[in-house]
Every structure is written in structure tokens, then in C-alpha cells.
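Peer 1: Sequence:
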Amino acid sequence: MITSHTMEISPNVPTAFSNPVQVIKNPADISSFRLGDVVQALVLEKLSSKEVLLAVKESEIAAQSALPLNVGDRLLLQVAKTHPMIVLKLIIPDDSETLEFRNNLVLFRSFPEGLFNVVKNGLEIFQGNIQPVYQFLNQADIDAFLKILNTLIYSEKSLTSPLFLKEFIMNIGYLMEKNLKKSLDRTHEKGNDLKKGVDKNIKSILARLSCQLHQIMDNAMDSDLDPMLLKSLKSLSDYTADSLKMIYNQQVVNVFSQEEQQGYYFQLPIKFADNLRMVDLFIRLNNANKKKTGMVKQFQFVLFFNMDPLGDLIVDVRYMNKKIWGLFKCDRSESRDFLSDFIETLNERLILSGYGPNSFNIQLSRDLSRERSDYLKDTVIYSKKIVNCFA
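Under our numbering, the first residue of the sequence shown is numbered 793, with each subsequent residue one higher.
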């Protein structure tokens, strides 16, 4: 017979993820949980953002955890405490390379807007009142950083740039990663032109600024610098360090996605009116081995985003042999009317450019957030395989 208990999961992961956990109630029977026992657990249900229902030792156990767990995740746990409540800790392998990879996957799921915030926070900081800080830094790096940062934002001007995504990859610093660089070379004939500026990107500039700021902060401890100036230096130093971590994190996730699913994930900042919004872009390639296998060139990209006038939107586009299939999902009838006119114009332009015959459909859906959640569960970077890396 399946019984139900409540316990705490204490994650043995970086401090950022080990928030204190409150127990809902003490377990009714703890006799099957002995100190030091190693058990496997399956996430059956998410009860709330930090509460899950686990299947452990033929029991259903309600547990609280700061980990970003999803239904279907499997965990390897050790009983760390049995009185006055059961406490389980995640078992993490000692292999340093594996541990680094797993920690990056945890970080990605814990900060879903990490890369978007690199752009958003960067604009807020550098457009704020930090000019006094500039005297300590290389002005050329600051000017280049602001210029490149603005190129990462998709706006009306970007509509005329067919290479926006590839320039985004280059400018953020993804080309410093070998696997992404190879893929870019494969998928665009002008890849060599893009690589000319590989050292002038957000990642490389942040690395230089971070190094300078670290030295400045070390020396500032024994100086008589103005407290407000020190505060600005500290804020900028934290931003550069956090941003480098987030960019690297996205690279790790993309390498994993490319190797497991021939796909990529990008967070694109898009400007709507005076607001900056994030678009989730998933790309799946099916022609990686075209030269070897003779496979036809085909790919799919899926976007999730919100526009104030139109509400939530999902765009699913598939391409094969110069034919395009597109499905547009919206949650408002007025959005459907707007998209109808837009798609008609889009199809005309595609046909004039040599693409077609094409097929586009619009679907009205009242629960796009649920559809987004269901889609994420099918992607390798959000699937149970990722959290299996905890176990």
C-alpha cells in the first residue's frame, strides 16, 4: 500500500540553490528510512513552485526543494537526517568535469532569463550615472560594449538584416565556443566573413572589464575613494562577473542541446515600443550530416513571446526544400485578424523570393502558457535527462 509522507530535500549543490526549506508536517512513519541509506526518487507531481510529490521506496512523499524540478525527473538521494524530520541530500559525483556540467544545467533552469538580463541590466547600468567609473576603465572597451550590446536587440531596423541571428551569435561571444562555431560555418556560406570580428564581442569585452575591475576593487580596500564611487565600481564588477557566468552557461546548454538533439536555444531581446521583451527561440536542424548522407536541408524554429497589443504568441515554422510551413498561435481573436493580414503579405514576399508553395495557419488557443510548458518538457535541455544529471 502506498503511504504519503512529507520531508525536506537538502540539495548538495552550490550555495545559490540551497535555500532553507520548511517542512509541512512530520512523516507518519520513518522506519523504512535509515541514516545513510541511498534511495532513488521519481518526481510524480509539482504541488507548487517549490513543492513536489515524490515516489520513494513505494511511498508517495510530499517534499519541499529549491531545485527546479519537473515531473519525470529522477533523483539519487541519501538520508542525511531522520529526526525530528527526514532530510534527504542529493548525491553529486566527484568528477569535476561532470559536476561543472551539471551545475550549469541547474543554473540554467534556475535563472530562465539569464542571457536576456545580460542585455537588460547592461543597458540600465551603462545608461545610468556611472560616468565617474569610466576613468578607471578602457574607454574603447566601454564604447565598443555599448555599441555591440545594442546590436543584440531585435528592432525595426533588424527587419532588413537577414543575418541578424548569426550576427547575434557572433556578437554575444558564442563563436568562442568550438561546437557553435562549427555549426555556424556549416549552416551559412558567409561564415568566414562573420568570423573576422570573433574577438570583438560582449564576452571578450566583459572578460577584460572584469579583470580590470577585480584589480581595482582589490586596491580600493586601502584607498580613500568616495563611497558612492566604490558602490558603482562594485555594481559594475558584479554585473561583469554574473554576465560572463550567464553567457558561458548558455554555451554549455547549447552544446548539450546540439549534441543530443541537433538544436539550439537563444534568448533574444526584442524592442516593442519603449519596452524590452524576451523571445524564447528554439532551433532544430535536421541537415547536420547532409554532405555525408545526402539528406535534404530542413529545419524548424519555434518562438514564444508576448506583444502588448497581441498578447502571448507561439510561432512554429518548418522549412524543407524551399517550402515553408508555419503555425501561428494566439490567445485573442483580434490578434488572429492582425496575423491574417500579416501572413498574407509574408507569403507574397516569400513567393517572390523563390520560396513556395507555402502553408500558413492561425490557431486560437486559450492556454498558450500550458502549451509552452508542454513544449519545454519535450526539449532535451528541460527534459528529465537534465535533472538525471543530478543523480
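The set of hints was computed from the structure by calculation and includes no laboratory data.
Hints are supplied without guarantee of correctness; some may be wrong.
Unchecked claim - Mimicking DSBU-like on lysine-lysine, the simulated pairs with C-alpha atoms at most 35 Å apart in a straight line are:
{"no.": "1", "residue 1": "K995", "residue 2": "K873"}
{"no.": "2", "residue 1": "K1063", "residue 2": "K842"}
{"no.": "3", "residue 1": "K1089", "residue 2": "K958"}
{"no.": "4", "residue 1": "K1169", "residue 2": "K1114"}
{"no.": "5", "residue 1": "K1063", "residue 2": "K992"}
{"no.": "6", "residue 1": "K995", "residue 2": "K1026"}
{"no.": "7", "residue 1": "K992", "residue 2": "K838"}
{"no.": "8", "residue 1": "K1023", "residue 2": "K1089"}
{"no.": "9", "residue 1": "K1089", "residue 2": "K842"}
{"no.": "10", "residue 1": "K1023", "residue 2": "K1037"}
{"no.": "11", "residue 1": "K873", "residue 2": "K912"}
Unchecked claim - Ranges between beta-carbon positions, derived for each pair:
{"no.": "12", "residue 1": "Q927", "residue 2": "L1144", "range": "27 to 33 Å"}
{"no.": "13", "residue 1": "Q923", "residue 2": "R1141", "range": "57 to 63 Å"}
{"no.": "14", "residue 1": "K1037", "residue 2": "L827", "range": "16 to 22 Å"}
{"no.": "15", "residue 1": "P1019", "residue 2": "L1138", "range": "41 to 47 Å"}
{"no.": "16", "residue 1": "P1019", "residue 2": "R1162", "range": "18 to 24 Å"}
{"no.": "17", "residue 1": "D1030", "residue 2": "E1140", "range": "26 to 32 Å"}
Nothing here was measured: the structure is a model prediction, and the numbers come from that model.
By construction, the Cβ of each residue, glycine as well, lies at the ideal position given by its N, Cα and C atoms.
Peer 1: Each hint should be assessed against the structure and marked as holding or not.
Peer 2: Right, here's what the structure says about each hint:
| no. | hint | result |
| --- | --- | --- |
| 1 | K995 to K873 | 43 Å, violated |
| 2 | K1063 to K842 | 32 Å, holds |
| 3 | K1089 to K958 | 18 Å, holds |
| 4 | K1169 to K1114 | 30 Å, holds |
| 5 | K1063 to K992 | 23 Å, holds |
| 6 | K995 to K1026 | 19 Å, holds |
| 7 | K992 to K838 | 44 Å, violated |
| 8 | K1023 to K1089 | 53 Å, violated |
| 9 | K1089 to K842 | 43 Å, violated |
| 10 | K1023 to K1037 | 21 Å, holds |
| 11 | K873 to K912 | 43 Å, violated |
| 12 | Q927 to L1144: 27 to 33 Å | 54 Å, violated |
| 13 | Q923 to R1141: 57 to 63 Å | 45 Å, violated |
| 14 | K1037 to L827: 16 to 22 Å | 36 Å, violated |
| 15 | P1019 to L1138: 41 to 47 Å | 55 Å, violated |
| 16 | P1019 to R1162: 18 to 24 Å | 49 Å, violated |
| 17 | D1030 to E1140: 26 to 32 Å | 49 Å, violated |
Hints 1, 7, 8, 9, 11, 12, 13, 14, 15, 16, 17 from the list above are not met by this structure, while the remaining hints are.
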